[in-house]
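Peer 1: Below, each chain spelled out in residue letters.
Protein chains: 2
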Amino acid sequence: MPYTVGELAKQTGVTIRTLHHYDELGLVSPTGRSAAGYRLYDDGDVLRLQQVLFYRDLGFPLDEIAAVLDDPSFDRAAALRDQRAELASRRARVDGMIAAIDRALVSLERGAPLDDLPSLFDGFDPAVYADEALARWGQTPEFAESARRTKTYGKAEWEAIKRESDAIYRALAALMQAGAAPDDPRVRAAVEDHRDHITRWFYPCSRELHRGLGALYVNDPRFTANIDRIAPGLARYLCEAFAAA
Amino acid sequence: MPYTVGELAKQTGVTIRTLHHYDELGLVSPTGRSAAGYRLYDDGDVLRLQQVLFYRDLGFPLDEIAAVLDDPSFDRAAALRDQRAELASRRARVDGMIAAIDRALVSLERGAPLDDLPSLFDGFDPAVYADEALARWGQTPEFAESARRTKTYGKAEWEAIKRESDAIYRALAALMQAGAAPDDPRVRAAVEDHRDHITRWFYPCSRELHRGLGALYVNDPRFTANIDRIAPGLARYLCEAFAAA
DNA sequence: GCTTGACCCTCCCGTCGCGTGAGGCTGGAG
DNA sequence: CTCCAGCCTCACGCGACGGGAGGGTCAAGC
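If you're matching them up, the sequences are chains A and B in order. First residue of the first sequence? That's 1 in our numbering, and the numbers climb one at a time after it. First residue of the second sequence? That's 1001 in our numbering, and the numbers climb one at a time after it.
There's no promise every hint is true.
[As the list claims (entries may be wrong)] Examples of chain A residues lying across from chain B (beta carbon under 10 angstroms, computed):
#1 L80
#2 E109
#3 L216
[Stated by the list, open to error] Computed list of chain A residues with no C-beta within reach of chain B, every gap over 10 angstroms:
#4 P2
#5 R17
#6 S29
#7 D57
#8 Q83
#9 A88
#10 A104
#11 A160
#12 A167
#13 P185
#14 R188
#15 E208
#16 G212
#17 A215
#18 F223
#19 A244
Because the hints were derived from the structure by calculation, they are not lab data. Here a beta-carbon is modelled for each residue, glycine too, at the ideal position from N, C-alpha and C.
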């Protein structure tokens, strides 16, 4: 005894529109049609639908569900593990947003009237930059200029600096992950962006100074950890890229 | 010194397309245009963009961002708390999916060849139903019929039963939350669906028996908790609705 | 003065999983 | 024969852009 869309919808808790959708995708197509064109689902179709809904409830996209179900040789366990990893990273992103909201709420309570203060450098205090510079470059004129200029920066500037550097790092991380060599022209361009960023915000940065900065990124675990948070191995890659420019 | 789209994109790490998008939404519109029609963003526009990106990174939808930024009297703290709650429920959903995947992986490892076994009743063993029925209805013929029939049910059937009952409960929860009275005709229809569901899967369920079931839902904390997981207060509402039918 | 290449513009279709109609047949009950 | 519930096929809409087509603009080098 075959089911019509309405009956099947009631049984499975999906809407009729969803059944239509799955039919036009070829994901769950009724075996038969009545003379008037009504969709008629038999028991096999119902089973198929339940399998689809099983994977859907696990967050799989519909095209992957089709792939899993239509290929008996598909490695289900691997698919589940992949999906688990995907969900885990989704959860991590949500956790990050929640943490950022909590930080914003705290600083709001502390009386900061602007709620756009940027929960800056999340966890990486700009003061660390200053300490680093002091320890390494001591009394160099570059440090003096940087200190003089950064002293005048407010929240807006630090926000801008962080966004800009993040953008550059992300671009370089993407190139790294795409397998671009450190002397690839696109990498060189991004490296120049970074040097320009340092020059505009901190001090005039020569290529030589820039190479030194690259060395710092791999030799100081605090810098390494912070940079590698964007992408594992990025600090080392930056060091090589800065040297190749 | 105003910025063009490309310059601003580099500074902020967004794409040019995103800037176009925000412009056509009126979310961040450049103050000026060059003679040739190029968008020219001044410092105020940049600030505005950074505020938008701040909220975007917290997961706010763009229309809410516009509302927050365009209304100075907007309660930012409340908006942040609301968004936090939204993210928390998103996180809970992802957690549920991950837990379901883990259960599926475990049963796959245990050698179950079908990966569509449904991680049934997540945490609510069907055996509980049996125990309940035994304690309450002892030797009634209804229990006998139910026991005889459910004995033959396999995974597929239990899956179907759960889906069907979930669908009915969700429909009733929606009606409850919409403020429908327990004797509302739509509620009556859904109640009949539920009674029919019991009759088809377990035992012939008269209206009287159904009322008894409703009482069980509020008097037994296990049932209450399980049902209220779908929506708080649903168990009580069901009891009233079953009585009003 | 002209070409080149990098930049900019405005449409406009595609994504993903359906929701939500519009406009029109069909099937069983009264 | 008439109702009304239920079915059908389009087809647009959402959210936040991605990406490309087709075409103007700007600074630099020849």
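Peer 1: Evaluate the condition: distance from the CB of A:A104 to the nearest CB of chain B exceeds 10 angstroms.
Peer 2: violated, 6 angstroms
Peer 1: Beyond 10 angstroms from every chain B Cβ: check whether that's true for A:A160.
Peer 2: violated, 7 angstroms
Peer 1: In terms of Cβ atoms, is chain B entirely out of 10 angstroms range of A:A244?
Peer 2: holds, 21 angstroms
Peer 1: Quick check for students: does the CB of A:R188 sit more than 10 angstroms from each CB in chain B?
Peer 2: About 16 angstroms separates A:R188 from the closest Cβ of chain B, which puts it past 10 angstroms; holds.
Peer 1: When you look at the beta carbon of A:E208, is every beta carbon of chain B farther off than 10 angstroms?
Peer 2: holds, 24 angstroms
Peer 1: Going by Cβ atoms, does A:A167 stay more than 10 angstroms from chain B at every point?
Peer 2: violated, 3 angstroms
Peer 1: Does A:L216 hold up as a contact with chain B if the rule is Cβ-Cβ below 10 angstroms?
Peer 2: violated, 23 angstroms
Peer 1: Could you let me know if the closest chain B CB is still more than 10 angstroms away from the CB of A:G212?
Peer 2: holds, 24 angstroms
Peer 1: Does the claim that A:F223 lies off the interface hold, with its Cβ farther than 10 angstroms from every Cβ of chain B?
Peer 2: Non-interface label on A:F223 holds, nearest chain B Cβ at 20 angstroms vs cutoff 10 angstroms.
Peer 1: Per the stated criterion, does the least C-beta distance between A:D57 and chain B lie above 10 angstroms, as a non-interface residue requires?
Peer 2: violated, 7 angstroms
Peer 1: In terms of Cβ atoms, is chain B entirely out of 10 angstroms range of A:S29?
Peer 2: holds, 18 angstroms
Peer 1: Is A:P2 truly not at the interface, in the sense that its beta carbon sits beyond 10 angstroms from all beta carbons of chain B?
Peer 2: holds, 15 angstroms
Hint compliance for this structure: hints 3, 7, 8, 9, 10, 11 and 12 are not met, and every other hint is.
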